[in-house]
Amino acid sequence: MKERNTKPSASARLFAATAAVLASCAASGAYAFTLEGAPKVAFIYASSAQDGGWNEALEAGRKAVEEQLKVPVAVTENIPEEATKLRAAIDLYVKRGFNIIIGTTYGYSAPMAEAAKAYPNVAFLSASGTENGPNMESFYARTYQGWYLAGIAAGQATKTKKIGILAGFPVGVVNWDINSFALGARSVDPAIETVAVFANSWWDPVKEGQIAQAILDQKADVLATNLSATSALDAAEKAGVPSVGFQLDMSHAAPKTIQTSVVFRWEKYLVPTIKEIIDGSWKPEEFGAFEGLETGVVELAPFGPTVSEETKAKIEAAKQDIIAGKLDPFQGLLKKQDGTVVVDAGGKVDDAALWSMDYFVDGVIGTMPAK
Amino acid sequence: MLDTAFLVRRQNPGFLLTSLSYAGGLLVGLTVSAMLLVHAGVPASALVDEFLIATFLTSDGLSQTATAALPLVLVGLASAVAMRVRFWNIGVEGQLWLGAIASTWVALNGIGPEALRLPTMFVLAALAGAAWIAISLFLKLRWGVNEVISTLLLGSVAFLLVQHLLFGVWRDPANSFPVTATFPEASWFSILGWGQLHTGIFLVAGIALSIWFVMEHSRAGFYADAVGFNAKAALATGLPVLRTAVGLVLLSGALSGVAGMMIVAGTEHRLNQSVGNGYLFSAIVIAYLARAKPLWVIVVSFALGAVFTAGNVLKVFYSISEAMIVLMQGTVLMSILMAQFFSTYSLKRPN
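Chains as they are written, first to last, in this note's numbering: chain A, 30 to 400; chain B, 4 to 354.
Worth flagging that the hints you see were computed from the coordinates, not collected in a lab.
There could be a bad hint or two in this list.
[Said to hold, decoys possible] Stretches of chain B that chain A covers, calculated by requiring three or more beta carbons in the stretch to come under 8 Å of a beta carbon on chain A:
id: 1; stretch: 57-70
id: 2; stretch: 174-188
id: 3; stretch: 263-275
id: 4; stretch: 316-330
Quick reminder that beta carbons are idealized off the backbone N, C-alpha and C, glycines included.
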């Protein structure tokens, strides 16, 4: 499998884009992608599109594409992450003239890459995917930037100096959220500890509610969820402790206690990218699209009623610093849970190391499953 | 008016009655399924287009059906051979997972010379599947533990084992996602150039024909039927009851294991958490509809493969859920089983 290596920075990206424009002027676009026929877009989901979280956030992006670009957009749900079943769905779409296919889970990535080779005039976009090519781009967001800001909110809110986060599985994109949340809280007070628990499921509301209660029983007085269900927020609202949601604005589940939610705004990536594909100006990123606060693909939902002005100001300042490149959640000196140094002062974790992040940082209480 | 009636088992239901009731059951099942689909919002005209034409009359549809049928034939046979000796293998998915694990281990670690990679995967997958069912077999023979329970529960254990590996040693090294790296090409069945159909079809054909020969034309098949109909009588006659039963149960596990290998080496080229899902139900449906006859298993597997192909079309373009497709399978199965009941029994008035 190809090494997942994401693009270095916004400036390098700009440079790459400029270089690409120059190159295409010089070589009349040897790598250019052209769409065959009228644009027709298809979204393929592994489960229900209205799942209250991940899919629903992409679904909001899909609706924006439909409304703003005025192109036909089809939706298919419940296609399992199996090569044969996904490929059959793609084949059917392509046969009926669909030429922009969006897959919505990492499990689709490899079969999509094979389909991309078979259909060079069809554009493929793979959410949280791992493969890229002349007509395929994977996209994900720097969610950890949002979680750092949410960590500041939690750090400001905690009195017991202990906060909790409920997550799905120990994969890179989840681990960086947990770590960044803990680091954001520690930027407020270095004594704050973060209890992290994996539910070992992406969707299990009952179990999530039980875990949430267990975290609260450990004297944590802020509770965040990294999952699509709102169980943790329900438990927090009941216990009257501040909470943080994810993927969509989850304030409906905890109107009194919610601080904010770290949300995806996929339309900020999907609308311009699909527009480029239609215009013929699309250049897939060699290492995938990986945008964050600077483009607004990740942002914080409106703050809850209990968030102080001081907290809001702190978060805004950190946000501006991250956008300006003055602050990186994973900058040195960064230590793992066991005290080993990940990056020395002055350095930061690069993108490849982000994707393979398989440790907790100093200040997280929890166990990473052994390799 | 009919006040009382007796159900009388027919001594020997004729071929005509059997096939008529089978066809009748199939027709009722398909009609009810079609009504369900129309009710769910699929236009009746589309049913003909999508179901019949796209599935059976296009090259793509047929190649998809054939590809999907390969592991189905294997799990169907697995369920069928165990059924012949009245061993209820409800752990087909568990043995399939073990086969997938064994072949993944061979593929990822490059065990053995490249030319022998696929045969090595095949042998180890078969052994792993057989070993997994051997646990249930041992529990049954030693302590009389019901195999329905033990095979089913071991299926869950096998899935946890897969998760343990995928979130541990086998997770994708580049991004920690719970899927293995793609296998080197030496571990792939090569594509035949007709859709996704691969050379695994020859292996499946060979296995299916061998099992057909063994079950229908050899002494072992005769023993199996004797054991299945009445194990005590078979034992009293001096037949090798234990040997026959143990052999076929282990064969059942091995076939499920090979199905796991067929999926990872044939179409997925990696192991993930969803490759084995749904095969247990399919295996039981196939074995029942085929009445545990090997050649019929092949036919029914292709029919079920076609249902998946058609189901895919319905899912993609008409937002029909997976649950609806399983419901259709169940409807067809139930109608045929009920029709079979009436070909086996007749209603008699009391004299």
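The hints, checked one at a time:
1. Under the rule that three or more residues need a Cβ within less than 8 Å of chain A, the assignment of the stretch 57-70 of chain B holds, with 3 such residues.
2. Check on the stretch 174-188 of chain B: 11 of its residues sit with their Cβ under 8 Å from a Cβ of chain A, so the three-residue criterion for coverage holds.
3. Remark: the stretch 263-275 of chain B is confirmed as covered by chain A, as 5 of its residues place a Cβ nearer than 8 Å to a Cβ of that chain, reaching the required three.
4. Counting residues of the stretch 316-330 of chain B whose CB falls under 8 Å from any CB of chain A gives 7; the rule of at least 3 is met.
Hint compliance for this structure: every hint is met.
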